[in-house]
Amino acid sequence: MLCQQVRIAESAIGTLSRGTAVERIALVKLRYFAWVRERIGKPEEEIDPPAGVATIGELMTWLSQRGEEYAHAFDNPKVIRAAVDHTHVKPDAAIKGAREIAFFPPMTGG
Amino acid sequence: MASTVRLQREPFEADAEAAKLTRGRTDIGAVVTFTGICRGEDSGKPVVAMTLEHYPGMAEAEIARHVEAAERRWPLLGVTIIHRVGRLIPAEPIVLVVTAAAHRQDAFAAAEFLMDYLKTRAPFWKRVESADRSAWIDAKSSDDDLAARWAAPGRREAAE
Chain A
2 MLCQQVRIAE SAIGTLSRGT AVERIALVKL RYFAWVRERI GKPEEEIDPP AGVATIGELM
62 TWLSQRGEEY AHAFDNPKVI RAAVDHTHVK PDAAIKGARE IAFFPPMTGG
Chain B
26 MASTVRLQRE PFEADAEAAK LTRGRTDIGA VVTFTGICRG EDSGKPVVAM TLEHYPGMAE
86 AEIARHVEAA ERRWPLLGVT IIHRVGRLIP AEPIVLVVTA AAHRQDAFAA AEFLMDYLKT
146 RAPFWKRVES ADRSAWIDAK SSDDDLAARW AAPGRREAAE
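Here the protein sequences line up with chains A and B, keeping their order.
The first sequence maps to residues 2 to 111 in my numbering.
The second sequence maps to residues 26 to 185 in my numbering.
Note that these hints are calculated values from the structure, not bench results.
Even for Gly, the Cβ is constructed at its ideal location relative to N, Cα and C.
What the simulated footprint calls covered on chain A by chain B, stretch by stretch (three residues with Cβ under 8 Å from a Cβ of chain B suffice, anywhere in the stretch; the number is not a length):
#1 32 to 41
#2 102 to 108
List time: in silico EDC-like cross-link candidates among lysine to aspartate or glutamate, alpha-carbon distance up to 16 Å:
#3 K43(A) to E78(B)
#4 K79(A) to E59(A)
#5 K165(B) to D67(B)
#6 K43(A) to E70(A)
#7 K79(A) to D163(B)
#8 K165(B) to D141(B)
Isolated chain A (complex conformation) (with noise of 0.2 Å):
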């Protein structure tokens, strides 16, 4: 009796999280390029940003408590700029449904 207790309570759990994992944003691929990727240390990482983060501005700013690093390199937010599946993006703009999202200094191509 005890053991079938402790099996449901299992499958129960097993439910729970799944549907929790459906529940959550989908990892999203985060791409650095210039000094952003210099700083940082690094050219990509897959992250799966908390609830609260709804926005470029805000993941920029959960980013740069992540550590030494990350807050180098977003010490001045105002002048980094954001793609949002290869288009450029604001930082108000919602990262909902991201597949891919860039950080990267001021372009100076041409």
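Model the placement of chain B on the given structure of chain A, informed by the hints.
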């Protein structure tokens, strides 16, 4: 309209690209060819080399969006844009813009529009090496001003 957008490590031949765009065409009356070249001096210091980093995928997409915007704005008959990536030495070509139209005003204006947007919106970053250091080039506000002049009322789509 025939349009070509290419990113490449190798140098390009501006004359050959312009000739390719106009070969056999009798409707084209004007071709403007702009070539950006790596200067041997930056802020008074000799340049050893320049490295262009880019965002693969977005760079091509962003340039294509600006070619489409130019096409909506001027009656163009052909556009070719080539942007180099990787390490370049002074005197090497960096970027090519070729525009073809029936009349010169359209070809000149479209070439300038495309260059102004390439400078400020296409995801490329230049790093300059001098004898003792290497540093990212800062964006110039004068380039932003040049790009902004194309964003007349009702023409915002190209600037956004």
